[in-house]
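Chemist: Letter by letter, the chains look like this.
Protein chains: 2
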Amino acid sequence: MNGDLLITNVRALDGNACDVQIHGGHIAAIGSNLSVPADATVIDGGGRLLFPGFVDAHTHMDKTLLGLGWYRNEVGPLLTDKIENERRLRREGGIDSHQQSSRHARLAIATGTTHIRTFVDIDTEVGLRGFEGVMQTREDFRDALDIQVVAFPQSGMLIRPGTVELMDTALANGAAVVGGLDPSAIDRDPAKHLDVIFGLAEKYDVDLDIHLHEPGDLGAFSVELIAERTKVLGWQGRVVISHALCLGGVDDAYVGRLIDLLLENGITIMSHGPSGLRPVPSVKRLYEAGVPMCTGNDGIRDAWGPLNMPDMLLRTFLVAYRNNLRRDDEIEMVLDIATHGGARVLGDTNYGLVPGCRADLVIVDGETHVEAVIDRPPRWLVLKGGKIVAREGECVV
Amino acid sequence: MNGDLLITNVRALDGNACDVQIHGGHIAAIGSNLSVPADATVIDGGGRLLFPGFVDAHTHMDKTLLGLGWYRNEVGPLLTDKIENERRLRREGGIDSHQQSSRHARLAIATGTTHIRTFVDIDTEVGLRGFEGVMQTREDFRDALDIQVVAFPQSGMLIRPGTVELMDTALANGAAVVGGLDPSAIDRDPAKHLDVIFGLAEKYDVDLDIHLHEPGDLGAFSVELIAERTKVLGWQGRVVISHALCLGGVDDAYVGRLIDLLLENGITIMSHGPSGLRPVPSVKRLYEAGVPMCTGNDGIRDAWGPLNMPDMLLRTFLVAYRNNLRRDDEIEMVLDIATHGGARVLGDTNYGLVPGCRADLVIVDGETHVEAVIDRPPRWLVLKGGKIVAREGECVV
Numbered sequence: 006m007n008g009d010l011l012i013t014n015v016r017a018l019d020g021n022a023c024d025v026q027i028h029g030g031h032i033a034a035i036g037s038n039l040s041v042p043a044d045a046t047v048i049d050g051g052g053r054l055l056f057p058g059f060v061d062a063h064t065h066m067d068k069t070l071l072g073l074g075w076y077r078n079e080v081g082p083l084l085t086d087k088i089e090n091e092r093r094l095r096r097e098g099g100i101d102s103h104q105q106s107s108r109h110a111r112l113a114i115a116t117g118t119t120h121i122r123t124f125v126d127i128d129t130e131v132g133l134r135g136f137e138g139v140m141q142t143r144e145d146f147r148d149a150l151d152i153q154v155v156a157f158p159q160s161g162m163l164i165r166p167g168t169v170e171l172m173d174t175a176l177a178n179g180a181a182v183v184g185g186l187d188p189s190a191i192d193r194d195p196a197k198h199l200d201v202i203f204g205l206a207e208k209y210d211v212d213l214d215i216h217l218h219e220p221g222d223l224g225a226f227s228v229e230l231i232a233e234r235t236k237v238l239g240w241q242g243r244v245v246i247s248h249a250l251c252l253g254g255v256d257d258a259y260v261g262r263l264i265d266l267l268l269e270n271g272i273t274i275m276s277h278g279p280s281g282l283r284p285v286p287s288v289k290r291l292y293e294a295g296v297p298m299c300t301g302n303d304g305i306r307d308a309w310g311p312l313n314m315p316d317m318l319l320r321t322f323l324v325a326y327r328n329n330l331r332r333d334d335e336i337e338m339v340l341d342i343a344t345h346g347g348a349r350v351l352g353d354t355n356y357g358l359v360p361g362c363r364a365d366l367v368i369v370d371g372e373t374h375v376e377a378v379i380d381r382p383p384r385w386l387v388l389k390g391g392k393i394v395a396r397e398g399e400c401v402v
Numbered sequence: 006m007n008g009d010l011l012i013t014n015v016r017a018l019d020g021n022a023c024d025v026q027i028h029g030g031h032i033a034a035i036g037s038n039l040s041v042p043a044d045a046t047v048i049d050g051g052g053r054l055l056f057p058g059f060v061d062a063h064t065h066m067d068k069t070l071l072g073l074g075w076y077r078n079e080v081g082p083l084l085t086d087k088i089e090n091e092r093r094l095r096r097e098g099g100i101d102s103h104q105q106s107s108r109h110a111r112l113a114i115a116t117g118t119t120h121i122r123t124f125v126d127i128d129t130e131v132g133l134r135g136f137e138g139v140m141q142t143r144e145d146f147r148d149a150l151d152i153q154v155v156a157f158p159q160s161g162m163l164i165r166p167g168t169v170e171l172m173d174t175a176l177a178n179g180a181a182v183v184g185g186l187d188p189s190a191i192d193r194d195p196a197k198h199l200d201v202i203f204g205l206a207e208k209y210d211v212d213l214d215i216h217l218h219e220p221g222d223l224g225a226f227s228v229e230l231i232a233e234r235t236k237v238l239g240w241q242g243r244v245v246i247s248h249a250l251c252l253g254g255v256d257d258a259y260v261g262r263l264i265d266l267l268l269e270n271g272i273t274i275m276s277h278g279p280s281g282l283r284p285v286p287s288v289k290r291l292y293e294a295g296v297p298m299c300t301g302n303d304g305i306r307d308a309w310g311p312l313n314m315p316d317m318l319l320r321t322f323l324v325a326y327r328n329n330l331r332r333d334d335e336i337e338m339v340l341d342i343a344t345h346g347g348a349r350v351l352g353d354t355n356y357g358l359v360p361g362c363r364a365d366l367v368i369v370d371g372e373t374h375v376e377a378v379i380d381r382p383p384r385w386l387v388l389k390g391g392k393i394v395a396r397e398g399e400c401v402v
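In the order they appear, the protein sequences are chains Y and D. At the far end of the first sequence sits residue 402, using this note's numbering, and the numbering has no gaps. At the far end of the second sequence sits residue 402, using this note's numbering, and the numbering has no gaps.
For reference, chain Y alone in the conformation it holds in the complex:
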C-alpha cells in the first residue's frame, strides 16, 4: 500500500465513464480503461458521478451553534438586530470557536467540501478568541480541508475603535484575507472604511472580501468606490464583493455599468442565492457577462438564523432556486460556480479534474450531476489530496 488509488467507472460532467489514477495525492491520469499501477488500491465507482471537491467560498465557522441544542431564534428584523443579538449571545453564553468550527468542518467534509473561506468575527469584545479557535481548527484539519481565514469586522470597524488594530494582529498571525462590511450602512464613512481595509491588504499583501448588503444606489456607490481603489492599488483579481445585493436593486442600465467596472477590475461576486423578498443579483446575468463568481453557505445554524447547512449541493440547489434556474445547463453553471469559481477565489491553481491537479474528489450516486443537485444523496466517497476523508455521508477523519 503506497497510497496510490485507481478509481474505476465514475462519470464526470460529460457523462462518460472514466477511471481516475491517483499518485502522490494528485490525479496522475484520467480516462478510460487505465491500467492498474503496482500496489494501487482499486475502488469500483460503480458508474457513480464524479465532482471536483466543493468550495464553500463564504461561511462563518467561528459562530455556528451546531451541536449545542436547538437555539430558539427570536431576533429582530434589522441587520443590526442580528449583530447585537449575536454579540450578546457570545458575551453571555460563550461560544467555543475551536469546538464549533471543528463541528462545522466535520459536516462540511462529510458533504464533500474540500475548500472553505471562512470569515471570523473580530471585535473589541471577542477580541481574537474566535480567530485563534478557527486557526486551531485549520491546523487540526489541514490534511482534510483547506481553510482560508478572513479577518472580519462583523460589528463594524471604524465605529469600534480598537478593531483595526485587532485585525492587523490577526493578519500578522495567519489571516489570509482582510474583510470589510457595509462601509456606509454600518461604518458610516465609506471612503475611510475602504481606505483602511485596502491599506491592510497592501500592508500584508492579502486579498479582500467585502460584505456588501447595502441596497440600491447606496450599495452601487460602494461598488464604485471599491472598483476605484482596486484599480489604484493594482489589486485586480484579488477582491471579492460578497452578497452585492445592490446588483439586483438598481435599473438594468446601471447594473450594466457596474458589471463593466467589475470586469475591468477583475472583481469577483459571491452570491449564495440569499433568502428573502428583496431583489438580489442575477447570477446568470453576471456569469454570462464574464464576471468571476463564487458561492457559499454563509452562517450555519447560528444566531442569525437556522436556514443554512454546510452542504454545497444544497447551496447549489438554493442558488438555482433563488434565481429560477431550471434548465440543466443553468444548474451546471451554478455547479461550476460552486466548484471552479470558488477554487479560483481561494487561489488554488492545483484544482480540477485533469492530470496534475490535487485529487480533491467527490463521488455521489445519481443519474446526472444535476439530479444529484436536486436529490442531494449522502456523498458516497470524498477524497482530499487523494485520501478518503468521508464515506457514505460520514466524515472519517
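Do not take every clue at face value.
You can't tell identical chains apart in this list, so a pair holds if it fits in one copy or across any two.
[To be verified] Keeping only pairs whose Cα atoms sit at most 25 angstroms apart, straight-line, the calculated SDA-like set for lysine to any residue is:
id, residue 1, residue 2
1, Lys-289, Pro-82
2, Lys-236, Gly-29
3, Lys-208, Pro-195
4, Lys-392, Leu-133
5, Lys-236, Ser-37
6, Lys-289, Asp-86
7, Lys-208, Leu-163
8, Lys-289, His-218
Just so you know, the hints here were simulated from the structure itself, not pulled from any lab data. Everything numeric in this text was worked out from a predicted model, so none of it was measured.
Once you have looked at the hints, place chain D on chain Y.
Modeler: Coordinates of chain D only, in the frame set by chain Y:
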C-alpha cells in the same frame, strides 16, 4: 387486534410529551399518561415530534416525470414556452398519468403528505386522459391519501375552443374544483374567462382555484375581478388564488387594498415561495393580516423544471427561505400554513391534533418542529385514518 393504537411519548408543537389514543381511525384522546385500551397496539414514540398530516394544496400529479429517467430540461424562458414544451412532450412521448400520479402519490405518502389538491391539465389535445388517470390513482389510494382533483385549463381555455366542454365533463365526473389560469395574460379576455369559470363553479357547486402569475397591476386587476365575482356569487370561502405574484409587485398601499378585498371575500392565497428573482407575495404580511393561506409543491420534476419534490417539510423550508423567515415563530407560521391552512382549503373539518379528528399523523425525529423543517429527516411513521401508510421514509401501501 382491533386496529386501535396507543402512541406514547410524542411531542406536539408545545414540546410536551403526550400520548395519542386512536380508535376507529380517529383520535380518541390525546394527553399525558393515557391508559392502554384493551387490544390496542402500543407504539413507543420515543420522544419524537408529532405533526398533523401535511397538506399539499397545490400540485400537478398528472404530469410528473418521476421514474422516467432524467429529463434534460432545455425549455425557453417564457410561461408559454413551458406550456408549449410540455404539450409537445406529451404529444410525442405520451405520459401515463395513472402511472405517474401513482409514483407521485407514493413519494408524497412517504414524506407525510396526507392530503393533496392536484390540478389536472385538460386541453383539446390531452382531452380527459390525464384526468381519468389521476381519478384512478385517487381511487387506488383512497385509504392512504385524500386527493382532490381540479379541472385545470393549463393550455388556456377561451383560446382553445372545446376546452370548456371538456372541463364541464370532468366536473360532471368527479372533479371537485374548477381551475382558472391568467385570465388576461393567457386567455386574453379576463372578464369572460372569469365569468365562464365562476359559471362552472355555480353549475356544479364547486370551489375555484385560479393560477394567477400575472405581474404587477395586471395581476392586481385580476384579483379585483375575482373578488367582484366572488361577492356577487356568494362564493366567500370557496376561492383560492394561487401564486398571486402581483401581491409582491404593486406598491404597499395597493397591496393593503387588495388584502382588504381578500379578507372581505374570504379568498385564500396559495404561495409556495416560488423560485425566481421576481417579486413575490409576503407570506408573513398576508398571514398576519388574516388572509387564509395554503401552500404546496407545484409541479414535481416535470417538463417545467426539476426544482420541486413532493416533500412538505422541504416546501415549508423553501417558503421560509424565499420569505427570509428565520425566527422559530415565523417558521411555525409556515408549518401552520402547510397543515391547517391547507386542510381548511380542502374542506377537511375532521383535521387536527384534537379528539374527534381523523388520525392523520406524522412522527419524525428531531429536537423541535422547526429543526425538523431544517433537517428534514426521513419520516419515522405516517398514519392516515389511524393506519400506518409509511415507515422509516418508505411508503408501505
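Chemist: Decide, hint by hint, whether the structure agrees.
Modeler: Hints and how they fare:
| no. | hint | in the structure |
| --- | --- | --- |
| 1 | Lys-289 <-> Pro-82 | between (29 angstroms within a copy, 13 angstroms between copies) |
| 2 | Lys-236 <-> Gly-29 | neither (40 angstroms within a copy, 75 angstroms between copies) |
| 3 | Lys-208 <-> Pro-195 | within (20 angstroms within a copy, 65 angstroms between copies) |
| 4 | Lys-392 <-> Leu-133 | neither (32 angstroms within a copy, 57 angstroms between copies) |
| 5 | Lys-236 <-> Ser-37 | neither (46 angstroms within a copy, 69 angstroms between copies) |
| 6 | Lys-289 <-> Asp-86 | between (32 angstroms within a copy, 19 angstroms between copies) |
| 7 | Lys-208 <-> Leu-163 | within (18 angstroms within a copy, 70 angstroms between copies) |
| 8 | Lys-289 <-> His-218 | both (19 angstroms within a copy, 22 angstroms between copies) |
In summary, the structure is inconsistent with hints 2, 4 and 5 from the numbered list given earlier, while agreeing with the others.
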